[in-house]
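If you read the protein sequences in the order shown, they are chains Y and Z. Position 312 of the first sequence, counting from 1, maps to 312 under the numbering used here, and the rest follow consecutively. Position 40 of the second sequence, counting from 1, maps to 501 under the numbering used here, and the rest follow consecutively.
Hints were generated in silico from the structure; no laboratory data involved. Check each hint, because a few of them may be wrong.
When the alpha-carbon atoms are kept at most 20 Å apart in a straight line, the in silico SDA-like pairs for lysine to any residue are as follows [as the list claims (entries may be wrong)]:
id	chain 1	residue 1	chain 2	residue 2
1	Y	446	Y	109
2	Z	552	Y	37
3	Y	24	Z	481
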Amino acid sequence: MLATEHLIEITYLMATALFILSLKWLSSPVTARRGVWAGEAGMVLAIAGTLLHKGIVDYKWIAIALVLGTIIGVPLGKVAMTAVPQRTALSHAFGALCVTLVGTAEFYLQAPNVPAFTMGVLSLEVILGALTFTGSLMAAGKLQEILPQRPITYKGQNLVNLGLLAIAIGIAVVLVRHPERMVLFPLMIIIPLFFGVMMIIPIGGADMPTVISLLNSYAGLSAAAMGFVLGNKLLIIAGALDGASGFILSVNMSKAMNRSFTNVLFGAFGQEQKTAAGATETRPVRSASPEEAAGILSAASKVVIVPGYGMAVAQAQHKVRELYDALTKRGIDVKFGIHPVAGRMPGHMNVLLAEADIPYDKLLEMDEINGDFPQTDVALIIGANDVTNPAARTDQNSPIYGMPILDVDKAHTVMVIKRSMGAGFAGIENPLYYMDKTLMLFGDAKNFVGSIVREIGGGHN
Amino acid sequence: MKLDLLTGLYVFMMAAFIGFEVIRRVSPLLHTPLMSLTNALDAIAVVGAILLAGEGKSTLATILGTIAIVAATSNIVGGFIITDRMLKMFKASGPRKP
């Protein structure tokens, strides 16, 4: 009897070690796949250990659920790389759902005699779980463009949201003192479920990378709380690791946008620009044809390509790879400058470029590439706008003032592929387009890059 | 399996510190796979759900536990598959075919 229990604990201990190794190996692309194997091994061990538990009397439902979960999980693992952000949001929702359901079941098993400590962490578990569940579903909906991406705001929104959260916490406090008031429990789930929806409504598409990371952190913390409820150290550790990871990523993302957490959550981005968007000038810009662009690119010795989400929307990454190949073949040094918020979630742009077979050592982060721009002959911007806006450095009145940007304006020549002169995603004027060294390449990113490649004549042979 | 609050907090704190130190070293290049991997690992919550679904303490617990297993398992399976798919695509330039 005792032996089984120890055996289970040993599998959990080994799983813990494997999980930490898994994250450690993820630090470099060379060892990263080993990290996945370590994670899988830890998971299999922990599940096998759990199945040995002597308290389990019936394996029927477990087996059915494991099979069903696998059937749902496989297609979710095979989505297109452009759809990874919404898949990730959806998986945060699933994780939070699991935690909330387990918490609910645990409450009704123990009520009305729930010890104060258990009730406290259980409340934390279901409140975080419930708001992460609906919040993540909303985020997934916005990313999948089922729901409107525009922030929806109304007067007193923050007051309503904070009020909802305060009520949920108030109920939790009452339940800790009087767990026999079981009628309150459903309210403690319903209100955070509602709060999760209200929390995401005012958040616009540009803030999604931060929000996804934050929801990731909540999902982790709710799982850790569940570990406290069940007295399971493996769960506490896995939850803490996930929570830490989400927290680090959210801090990174807010820094990259020069915003604070509170600003992202409570200050819908869409409202701030209204002051700046008013003055649309009709200053002259210089435009160029694919032939001219190809000529300048072929004559360069150092080129930096700056891709934005617009490149992914236009499905231009494979054409960009052809351009990379054509230029590299001519002995031109080509690198990619990646802004932390390029894409719809942290690191998304790197995945999209890696999928197009661009070697990862050519993908440089903002801090690494910024020193190179003064020695760069051509900076080619494809589908990126705000992250290249020099107003962020110079114009104190700009809504994005202070946001770290890629210093493309320091390159000798700047080329921007863009559909039209219309203002960008956030509706902010970009003075870069009016500089003397800037050439605007008007057209669809995929077609335009394709034409440049044909002109250079190295793409297909 | 009882766990007192203090031991739990010690475990949580240590894990959070290890998490910060290990994850800070993950290159921004791999932040998307990082998120999908931690998501899969987080689905270890399935162990709690398995006990609920198997112990048969109440019908409600069995039902909720079963649904929870489905949700967590889909995260485990989907999360590991997509993480590996992404990581497979990251190649160094090295000697490339002409």
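Hints versus structure:
Between residue 446/Y and residue 109/Y the CA atoms are separated by roughly 58 Å; this puts the pair beyond 20 Å, and the hint is violated. Restraint check: the Cα-Cα separation between residue 552/Z and residue 37/Y comes to about 18 Å, which is no more than 20 Å; the hinted pair holds. Restraint check for residue 24/Y and residue 481/Z: satisfied, since their Cα atoms lie roughly 11 Å apart, inside the 20 Å limit.
Hint check: a violation occurs at hint 1 only; the rest are consistent with the structure.
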